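Undergrad: Build the full structure now, drawing on both the sequences and the hints.
Taken in sequence, the protein lines are chains A and B.
Reminder that position 167 of the first sequence reads as 167 in our numbering, one-by-one numbering, no gaps.
Reminder that position 73 of the second sequence reads as 73 in our numbering, one-by-one numbering, no gaps.
None of these hints come from the bench; they were simulated from the model.
This structure is a prediction, so every number in the text was calculated from the model and none was measured.
Note that the Cβ used here is the ideal one computed from N, Cα and C, for glycine as well.
Residues from chain A that keep clear of chain B, each with C-beta distances beyond 10 Å, as calculated:
1) 87
2) 92
3) 173
Not everything, but these chain B residues come out facing chain A in the computed CB check (under 7 Å):
4) 5
5) 16
6) 17
7) 37
8) 41
9) 98
10) 99
11) 122
12) 126
13) 145
14) 152
15) 153
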Amino acid sequence: MNCGEVRRRAPLYLSGEMEGEELRLFSAHLEECSACAAEIADQWRLDERIRATLEAELVPVDRIERAVRRRMAASARRWRLGAIAAAVLAVAVLGLWLLQPDFPQAYADAARDHRLEVVEQQPRHWRYGPELEAIAAESGISLTRAATIVPVEYLLERGKICRIGGVRMLHLVYARGSRRYSLYLYSHPGSRQALRSFHSDGEQVSGVETGRFRVMVVTEGAAAECAELAQSAARQL
Amino acid sequence: MARREEAFERTAMVHARDLLRFARRLTRDAAEAEDLVQESLLRAWRGFEQFEPGTNARAWLFRILLNVLYASHRKERPSVTLLAAASDLPSAGSSAAEYVEVTDALDRLGAEPRAMLLLAVLEGFTCREIAEIAGVPIGTVMSRLSRAREAMREMLSTPARPAGERVAR
Numbered sequence: 001m002n003c004g005e006v007r008r009r010a011p012l013y014l015s016g017e018m019e020g021e022e023l024r025l026f027s028a029h030l031e032e033c034s035a036c037a038a039e040i041a042d043q044w045r046l047d048e049r050i051r052a053t054l055e056a057e058l059v060p061v062d063r064i065e066r067a068v069r070r071r072m073a074a075s076a077r078r079w080r081l082g083a084i085a086a087a088v089l090a091v092a093v094l095g096l097w098l099l100q101p102d103f104p105q106a107y108a109d110a111a112r113d114h115r116l117e118v119v120e121q122q123p124r125h126w127r128y129g130p131e132l133e134a135i136a137a138e139s140g141i142s143l144t145r146a147a148t149i150v151p152v153e154y155l156l157e158r159g160k161i162c163r164i165g166g167v168r169m170l171h172l173v174y175a176r177g178s179r180r181y182s183l184y185l186y187s188h189p190g191s192r193q194a195l196r197s198f199h200s201d202g203e204q205v206s207g208v209e210t211g212r213f214r215v216m217v218v219t220e221g222a223a224a225e226c227a228e229l230a231q232s233a234a235r236q237l
Numbered sequence: 001m002a003r004r005e006e007a008f009e010r011t012a013m014v015h016a017r018d019l020l021r022f023a024r025r026l027t028r029d030a031a032e033a034e035d036l037v038q039e040s041l042l043r044a045w046r047g048f049e050q051f052e053p054g055t056n057a058r059a060w061l062f063r064i065l066l067n068v069l070y071a072s073h074r075k076e077r078p079s080v081t082l083l084a085a086a087s088d089l090p091s092a093g094s095s096a097a098e099y100v101e102v103t104d105a106l107d108r109l110g111a112e113p114r115a116m117l118l119l120a121v122l123e124g125f126t127c128r129e130i131a132e133i134a135g136v137p138i139g140t141v142m143s144r145l146s147r148a149r150e151a152m153r154e155m156l157s158t159p160a161r162p163a164g165e166r167v168a169r
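TA: Pasting the structure below:
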């Protein structure tokens, strides 16, 4: 190692980073070269002088520590409040979802089905009269019952088995004058639910769960009439 | 105290004094140094999740401090604004005249060589750590340290000015 390299590498020696073969060569050069030895010794003394001077300086750090801890506590509080609020919201959303697993999706699906098949009269394989008997029985009610679960002024016109949202159900259409009303009915044991109503793009939907059946009525008429039909059906079932 | 706060106390807050000592010499302004350290610690607190436990926390903190300083785009100020209160002067082990002479020489270095010299000599970082903190190659650190030491020795070999001159307002 020559004098130039020793001067270049000196910072590594002073910081204690130099090791192994390099350190051996560096030290060997200092033993042979009094100029480099004096230079490194001077640098060492300078470092010691700076260190001794600045380390003796009083550094009043308390105020910063207090300020930082205050801000830390405030941000931790905000974070905790945010986490609690998020948890409450998550529980509320989950609760609503658990309590009403298919509401209003089932109602919206029923409304869409009514619009396509009854209002827009897209071709479907409807059953009339005696043909209705078999499909009504399949859904757990007799044709007579199906005809009389609504007030007397509504006439059972036709029906069919349909599948909405993956559930097979009986779709009955009642007539009152020129108006048509859809009643969707399927076996839904164990679950009771008082009347719920939902409005979807011109259709009114009302639903009731009786403990044995879920009933949904879709009309284009007034909400009160729709609700009355659903409640009437639920009472009769 | 929450676990995150405890961990931050152990990891970062224990270095507050070193950070402030470095910042005071770097900025040459006691109030600016306090702002700088406070902002650096709060930034470290906010980004504490990114810190990998077991790695060099001190180097991480000094790197944040330099980043905050550079981001603030503050111009160098005249060297006469610093630390004039009697309570700031050394308590023991170093005379007031010696203190003024050494700090005056340091203040006359450029900001970058001064930062590197302080990191190496006062804070005891290795050249490799300084390269990481300052974001420059290790060869650059070594050459700047050599030049800073040379400049300091030149300044300190000339007779010191009277102690009162620099601290007087």
